[in-house]
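Chemist: Below are the chains, spelled out letter by letter.
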Amino acid sequence: MKALLLSVMIALATDAPLQDPAEEARAQSLMRELRCVACENEPVSQSAAPIAEDMRARIRDMIGEGSSDQEVRDWFESRYGEFVLFRPKGRGLSGAVLWIGPFLLLVVGAVIGLLTARRKRADSARIESEDA
Amino acid sequence: MIEAGHFAAFLALGAAIAQTILGLRGERRWAGMTAIAGFGLMAFSFLTLVHAFAVSDFSLALVAKHSHTLKPMLYKIAGTWGNHEGSMALWALVTLGFGAAASVLMKTDRATFEARALGVQGFLAAGAMGYLLFASSPYLRLDPAPFQGAGLNPLLQDPALSFHPPMLYLGYVGYSFVFALAAAGMMEGRIDRVWAKEARRWSLAAFVPLTIGIALGSYWAYYELGWGGWWFWDPVENASLMPWLIGAALLHSVIVTEKRENFAAWTALLAVLAFLFSIMGAFLVRSGVLTSVHAFAVDPKRGTILLFGLMAYGAMALGLFAWRGPGLKGAKPWLVGSREGAMMANNIVLVVAALTVLLGTLFPLMAEAAGRTMSVGEPYFRLTFVPILAVLLVLLPVAQSWAWGKADMTQWTRWAIAGAALVAVFAALGVGLWNISLGAAFGLALGVWLIGGAIWELRRRAVTLKRVFRVSPRVWGMTLAHMGVGLFIIGAVVETTGRYETTVALAEGDSGEAVGWTLTLDDVGSIEGPNWYADKAVLTAVKGKVKTVLEPMKRYYPAARMPTTETAIFKTGTGDLYAAIGEQRVVDGKARWVFRVYFNPLIDLVYLGVLMIGLGGLFSLVKVKR
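Chains W and C are the protein sequences, given in the same order. Taken in order, the first sequence gives residues 1 to 132; the numbers are from my numbering. Taken in order, the second sequence gives residues 1 to 626; the numbers are from my numbering.
Hints were generated in silico from the structure; no laboratory data involved. Errors might be hidden in some of the hints.
Computed footprint of chain W on chain C, listed as stretches where at least three residues anywhere in the stretch have a Cβ under 8 Å from a Cβ of chain W [claimed, not checked]:
no., segment
1, 146-160
2, 225-237
3, 340-350
4, 377-389
Quick list of simulated restraints, FRET-style, between CB atoms [unchecked claim]:
no., chain 1, residue 1, chain 2, residue 2, range
5, C, L318, W, A110, 51 to 59 Å
6, C, V549, W, D54, 45 to 53 Å
7, W, K89, C, K547, 27 to 35 Å
8, C, F147, W, D20, 56 to 64 Å
9, W, L104, C, A322, 22 to 30 Å
10, C, L47, W, A49, 20 to 28 Å
Sample of chain W residues at the chain C side, in silico, Cβ under 7 Å [stated by the list, open to error]:
no., residue
11, R87
12, A96
13, L98
Every residue gets a Cβ at the ideal spot worked out from N, C-alpha and C, and that includes glycine.
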């Protein structure tokens with residue numbers, strides 16, 4: 001009974017914030033980018049599942065012990081696979097497609113837009129300004 | 001009753017087929033009449049379904065599976081579309097409804113064009129009706145009828161969520177009619193001023209309900225899920241955001257076609273894309289391809305049929321564009337520094353933003369197909385989608401004053417100085433006073449920039465201050481919408497950077513500190529509703545002289561064997577004090593309740609901003625006779 005009580009207390013203590021507000025803010029932001037492994041599409045910051053609670057506790061422990069954000073991410077990834085990361089990694093081909101793709105599209109779009117505009121200008125030597 | 005409705009649905013399918021044939025043959029009057037007949041028949045059919053839900057007729061399999069006698073009437077009725085078959089019936093009804101409305105409201109003096117648009121709409125309606133009747137029938141009987149129904153997902157028993165699907169469908173299906181107009185315009189090779197006037201109206205008619213529908217869904221997630229967030233970058237949310245972004249691009253592009261007969265092919269393509277993204281959104285949600293907290297009606301077998309339909313529609317729509325699109329030519333020349341250039345920038349950024357959402361949403365699915373599990377979530381979109389859109393929003397106040405063809409670019413330096421000053425002020429305040437990140441300070445500056453820019457532009461259009469209330473509703477619509485974007489950004493930035501959350505465990509009679517408030521747990525009692533029972537906490541919250549009572553609940557719905565959270569929200573004027581009740585635990589020998597308490601500053605601006613965007617759309621629809 002006492003052991004049970006103790007474990008409940010630990011479980012509850014898990015959601016107690018860290019003393020240092022800056023560390024707590026870092027921990028909370030990590031909780032928002034790590035995925036609860038037992039839930040459907042929810043970060044650990046937003047799940048009532050026991051595993052999410054354990055994960056929150058682990059994040060706070062690691063931050064409290066002085067781990068960097070990246071060390072926390074790496075620890076969870078080594079434990080649960082990259083599935084746990086809501087911020088996908090930038091490495092490899094898939095990382096490049098995901099992280100560079102949108103900006104590349106923007107550049108390509110801008111180039112196409114500029115070329116279209118240039119062609120339009122070539123259509124006519126004189127463009128009159130006209131107010132709407 | 002249901003049999004009559006079932007029969008009427010078959011007749012409606014017949015009417016839709018007739019509408020397709022007559023419409024494509026160019027018979028405007030007959031196509032219009034069949035469109036109205038089809039809608040009338042399906043409306044009757046849909047009402048028989050609603051009736052069966054209202055009176056809890058459990059001999060209907062759908063009612064038995066999704067309803068319950070103890071449910072409040074609103075949720076019995078909303079239960080009609082809170083399931084796969086019923087929502088498809090609603091989809092088909094709205095598709096026919098847009099055809100009927102268009103047959104009355106279209107005024108282009110081009111009979112053949114209008115007939116063809118009705119024909120294409122009839123074709124889409126026939127597809128929806130065929131799917132409904134042959135793959136997803138809501139009309140099936142049960143024998144013997146059970147005495148009680150299995151209930152509706154309790155999460156859906158909520159006023160905001162009752163009207164969320166009909167609003168979204170009005171938006172999604174609205175774009176099907178915009179597509180029908182584009183298809184008819186491409187068939188006759190005329191995407192011109194007259195076409196654009198008509199298409200613009202229908203684009204707005206789709207955009208406004210889509211905006212409201214998304215806002216309702218987001219507000220529901222905010223207070224019902226109990227985690228204090230309002231946008232989760234969940235695939236189902238993304239599915240509705242993509243057509244919204246394309247729709248916003250279309251609203252701007254179609255103006256260029258209307259005023260200058262430029263961008264004809266591009267506007268047609270955006271109309272096609274808005275339609276395809278809409279049905280893809282419906283497919284993603286309804287097929288069960290995504291596992292997500294929001295996708296309630298899941299069925300992979302039907303998903304295959306829907307996917308096939310999506311690909312067939314996509315191939316036809318894009319094929320039509322590839323065939324007829326290149327023939328469409330813009331009329332007047334323009335420079336980069338012109339309103340055309342500004343609209344082009346708008347379109348490029350919004351389309352790239354939509355594609356970014358698409359990439360982030362589908363990438364995990366593709367990875368999974370390749371045997372790799374991964375996740376894409378909020379941090380990804382914050383680092384890609386947000387800066388991409390920011391590029392456009394920085395430009396907006398400057399470029400919205402540009403003239404058609406060739407803009408007066410001498411104002412550049414003034415704008416640059418004003419913008420730089422604004423950023424400098426907010427950066428100094430943000431870092432020095434508010435202790436927020438530079439990114440957040442920039443976000444606030446951007447919000448103020450947009451609101452100020454919108455007012456500046458209104459003033460410019462009105463020429464003198466006295467004439468501000470005499471500018472056209474369209475200009476007011478634009479002003480409201482652009483100010484709405486600014487308000488939304490301020491709300492979103494303040495809420496996401498300034499939100500704080502804590503957990504407190506209280507026994508009855510205890511007090512605790514959370515997010516700057518002193519909370520006292522007066523009582524936790526059991527109460528009973530029509531189809532649920534609940535633990536309800538009474539918390540007194542005090543901060544300085546302000547005192548309020550929060551009553552969060554944890555409900556349990558026995559029919560569905562599911563719990564839900566009902567959060568308690570107190571609007572302090574600067575934000576929401578938000579409490580959700582969690583588990584009961586024994587700590588230090590005492591039974592304590594765990595509460596999650598949040599303070600969400602300026603969250604109302606998020607919703608106010610989105611509502612203003614919708615209101616701006618409504619204003620833009622108003623036509624003034626001069």
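Chemist: A separate judgement is required for each hint: does it hold in the structure or not?
Modeler: Taking the hints in turn, this is what the structure says about them:
Only residues whose C-beta sits within less than 8 Å of a C-beta in chain W count toward coverage, and the segment 146-160 of chain C has 0 of them, not enough to reach three; the restraint is violated. Judged by the Cβ-Cβ criterion of 8 Å, the segment 225-237 of chain C is covered by chain W as claimed, because 6 of its residues qualify and three suffice. Residue count for the segment 340-350 of chain C with a Cβ under 8 Å from a Cβ of chain W: 6. That meets the three needed, and the coverage hint holds. Counting residues of the segment 377-389 of chain C whose beta carbon lies closer than 8 Å to any beta carbon of chain W gives 8, which meets the minimum of three for the stated coverage.
In this structure, L318 of chain C and A110 of chain W break the distance hint of 51 to 59 Å, their C-beta atoms being roughly 24 Å apart. Distance hint check: the CB atoms of V549 of chain C and D54 of chain W are about 34 Å apart, inconsistent with the given range 45 to 53 Å. Distance hint check: the CB atoms of K89 of chain W and K547 of chain C are about 49 Å apart, inconsistent with the given range 27 to 35 Å. Checked against the hint of 56 to 64 Å, the pair F147 of chain C and D20 of chain W passes, with Cβ atoms roughly 60 Å apart.
Remark: the range hint 22 to 30 Å for L104 of chain W to A322 of chain C is upheld by a beta-carbon distance near 24 Å. At about 42 Å, the beta-carbon gap between L47 of chain C and A49 of chain W misses the expected band of 20 to 28 Å. At its closest, the beta carbon of R87 of chain W sits 4 Å from a beta carbon of chain C; the interface hint therefore holds under the 7 Å criterion. Nearest Cβ of chain C to the Cβ of A96 of chain W: about 12 Å, over the 7 Å cut. The hint is violated.
With 7 Å as the threshold, the beta carbon of L98 of chain W comes within range of chain C, its nearest partner Cβ sitting at about 6 Å, so the hint holds.
When the structure is compared with the earlier hints, violations turn up for hints 1, 5, 6, 7, 10, 12 and for no others.
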